[in-house]
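Participant: Whenever a hint applies, use it, and build me the whole structure from the sequences.
Protein chains in written order, with this note's numbering: chain L, 1 to 85; chain C, 1 to 150.
Bear in mind the hints are in silico, worked out from the structure with no lab data behind them.
Hints may contain errors.
Said to hold, decoys possible - With a Cα cut of at most 27 Å, we get these calculated DSS-like pairs of lysine-lysine: (1) L:Lys4 to L:Lys54; (2) L:Lys54 to L:Lys33; (3) C:Lys138 to L:Lys35; (4) C:Lys150 to C:Lys75; (5) L:Lys16 to L:Lys52; (6) L:Lys12 to L:Lys35; (7) L:Lys4 to L:Lys33; (8) C:Lys125 to C:Lys75; (9) C:Lys125 to L:Lys54; (10) L:Lys35 to L:Lys16; (11) L:Lys12 to C:Lys59; (12) L:Lys12 to L:Lys33; (13) C:Lys138 to L:Lys12; (14) L:Lys35 to L:Lys52; (15) C:Lys125 to L:Lys4; (16) C:Lys59 to L:Lys35; (17) L:Lys40 to L:Lys12; (18) C:Lys59 to L:Lys54; (19) C:Lys125 to L:Lys2; (20) C:Lys21 to C:Lys75; (21) L:Lys12 to C:Lys125; (22) C:Lys59 to C:Lys125; (23) L:Lys40 to L:Lys4; (24) L:Lys54 to L:Lys35; (25) L:Lys16 to L:Lys33; (26) L:Lys33 to L:Lys2; (27) L:Lys4 to C:Lys59; (28) L:Lys52 to C:Lys75; (29) C:Lys150 to L:Lys54; (30) L:Lys52 to C:Lys125; (31) L:Lys16 to C:Lys138; (32) C:Lys125 to L:Lys16; (33) L:Lys12 to L:Lys2; (34) L:Lys35 to L:Lys4; (35) L:Lys54 to C:Lys138; (36) C:Lys125 to L:Lys35.
As the list claims (entries may be wrong) - Sample of chain C residues at the chain L side, in silico, Cβ under 10 Å: (37) Ile16; (38) Met113; (39) Ala120; (40) Asp142.
Every residue, glycine too, gets a C-beta built ideally from N, C-alpha and C.
Read off the chains here:
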Amino acid sequence: MKIKIFYFARLKETLKYSTEDLELPDEPMTILKLKALLAKRSDVWGQMLMGKLKVRAAINHELVDDHAAINHGDEVAFFPPVTGG
Amino acid sequence: MTVRVQTEDFDAGFEISRLHKNRKDIGAVVSFIGLVRDLNDGDAVSQLTLEHYPGMTEKSLTSIINQAMARWSIKDALIIHRVGTLQPSDQIVLVAVSGAHRGEAFAACEFMMDYLKTEAPFWKKEVTPQGEHWVEAKSADDAARERWIK
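Facilitator: The following block contains the structure:
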C-alpha cells in the first residue's frame, strides 16, 4: 500500500524531511509499527521517532495514538506535542 | 463560526464586533487574546516563529468550536491564529465567544483556548541570545485541558 507522510517542527528540521511518499508491504500497519520501521533508517530517525522525545501522530488530519491502523492512501503525520496559542 | 489561520495581524475589536453586530439575542461576548512576550522560561525572546500543519489546523480549530457549541448554549464563536514570524508584543491568537449569558461564554472561551493549546497543530520556535530553539509543550497545558474531561 502507498501512504504519504508529513513531518513537522523539530522532526522536520532534524530528519531533513518535510514529506515523503512511502510504499509499504500489504499487511496490517499501525502508527507504532510505522515508527519502528522508520526508526531503522538511522540513529537520528531512531532518536526522533522511538527515543525519549514525545512524538504525536495524525492520520488524515485526526490526532491518533500508537495503535491506530494505517490504510492505503492515508496521510500520516508525525510531530512534537503542539505549542500554539 | 469563523476559523482563520493567517500571517497578517488582526483587528480584535472589529472581529469581536462581528459576533454580535445586528443581533439582539446576545447578552455576553468573552474574548481572549494571546500575545508574544519578551521573556519565556527565563530566556529573553527577540523573535518567535509559528509553524502549522495546513489542512489539519483548520479542521482542528473547527472541531474545537463545534465541541464548545455542543457543550454550551453559545451563539457564535471565532478563532484567529497567526503563523510565520512574530515579535514581542505581537498578537498571536484571538478566541471569542458570544452567547445570551456570561457564564456559558466564559466557560466556552476557556475550554476553546485549553483545547487549542493541546490539540491544534501549531509549533513555536523562539529566537533568544543563546540561539533558536523549539518551545517545549507544558504539562500545565495538558492539566488545563483535563479539567474539561468528566
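Participant: Next step is simple, just say for each hint if it's right about the structure.
Facilitator: Hints and how they fare:
1. L:Lys4 to L:Lys54: holds, 21 Å
2. L:Lys54 to L:Lys33: holds, 16 Å
3. C:Lys138 to L:Lys35: Answer holds: Lys138 (chain C) to Lys35 (chain L) is near 24 Å, not above 27 Å.
4. C:Lys150 to C:Lys75: holds, 24 Å
5. L:Lys16 to L:Lys52: Roughly 19 Å between the alpha carbons, so the hint for Lys16 (chain L) and Lys52 (chain L) holds.
6. L:Lys12 to L:Lys35: OK: Lys12 (chain L) and Lys35 (chain L) at ~15 Å, within 27 Å.
7. L:Lys4 to L:Lys33: Between Lys4 (chain L) and Lys33 (chain L) the Cα gap is close to 15 Å, so the pair holds against 27 Å.
8. C:Lys125 to C:Lys75: violated, 35 Å
9. C:Lys125 to L:Lys54: holds, 17 Å
10. L:Lys35 to L:Lys16: holds, 16 Å
11. L:Lys12 to C:Lys59: holds, 21 Å
12. L:Lys12 to L:Lys33: Between Lys12 (chain L) and Lys33 (chain L) the Cα gap is close to 20 Å, so the pair holds against 27 Å.
13. C:Lys138 to L:Lys12: Status holds; Cα separation ~21 Å.
14. L:Lys35 to L:Lys52: Holds - the C-alpha atoms of Lys52 (chain L) and Lys35 (chain L) are around 13 Å apart, at most 27 Å.
15. C:Lys125 to L:Lys4: Given pair Lys125 (chain C), Lys4 (chain L) holds - Cα atoms ~25 Å apart, limit 27 Å.
16. C:Lys59 to L:Lys35: The hint holds at about 24 Å.
17. L:Lys40 to L:Lys12: holds, 17 Å
18. C:Lys59 to L:Lys54: holds, 23 Å
19. C:Lys125 to L:Lys2: violated, 32 Å
20. C:Lys21 to C:Lys75: The hint holds at about 12 Å.
21. L:Lys12 to C:Lys125: Holds - the C-alpha atoms of Lys125 (chain C) and Lys12 (chain L) are around 13 Å apart, at most 27 Å.
22. C:Lys59 to C:Lys125: Distance ~23 Å between Lys59 (chain C) and Lys125 (chain C) Cα, so the pair holds.
23. L:Lys40 to L:Lys4: The given pair, whose Cα atoms are some 18 Å apart, holds under the 27 Å limit.
24. L:Lys54 to L:Lys35: holds, 12 Å
25. L:Lys16 to L:Lys33: Between Lys16 (chain L) and Lys33 (chain L) the Cα gap is close to 21 Å, so the pair holds against 27 Å.
26. L:Lys33 to L:Lys2: holds, 15 Å
27. L:Lys4 to C:Lys59: holds, 19 Å
28. L:Lys52 to C:Lys75: Answer violated: Lys52 (chain L) to Lys75 (chain C) is near 44 Å, above 27 Å.
29. C:Lys150 to L:Lys54: Cα-Cα ~25 Å, so holds.
30. L:Lys52 to C:Lys125: holds, 20 Å
31. L:Lys16 to C:Lys138: Holds - the C-alpha atoms of Lys138 (chain C) and Lys16 (chain L) are around 26 Å apart, at most 27 Å.
32. C:Lys125 to L:Lys16: holds, 17 Å
33. L:Lys12 to L:Lys2: Roughly 21 Å separates the two Cα atoms, so the pair holds.
34. L:Lys35 to L:Lys4: Between Lys35 (chain L) and Lys4 (chain L) the Cα gap is close to 14 Å, so the pair holds against 27 Å.
35. L:Lys54 to C:Lys138: Holds: Lys54 (chain L) and Lys138 (chain C) sit about 12 Å apart, inside 27 Å.
36. C:Lys125 to L:Lys35: holds, 24 Å
37. Ile16: Hint violated; Ile16 (chain C) Cβ to chain L Cβ min 18 Å, cut 10 Å.
38. Met113: holds, 6 Å
39. Ala120: holds, 5 Å
40. Asp142: OK, holds: Asp142 (chain C) within 10 Å of chain L, min 8 Å.
Hints 8, 19, 28 and 37, counting from the list given before, are not met by this structure.
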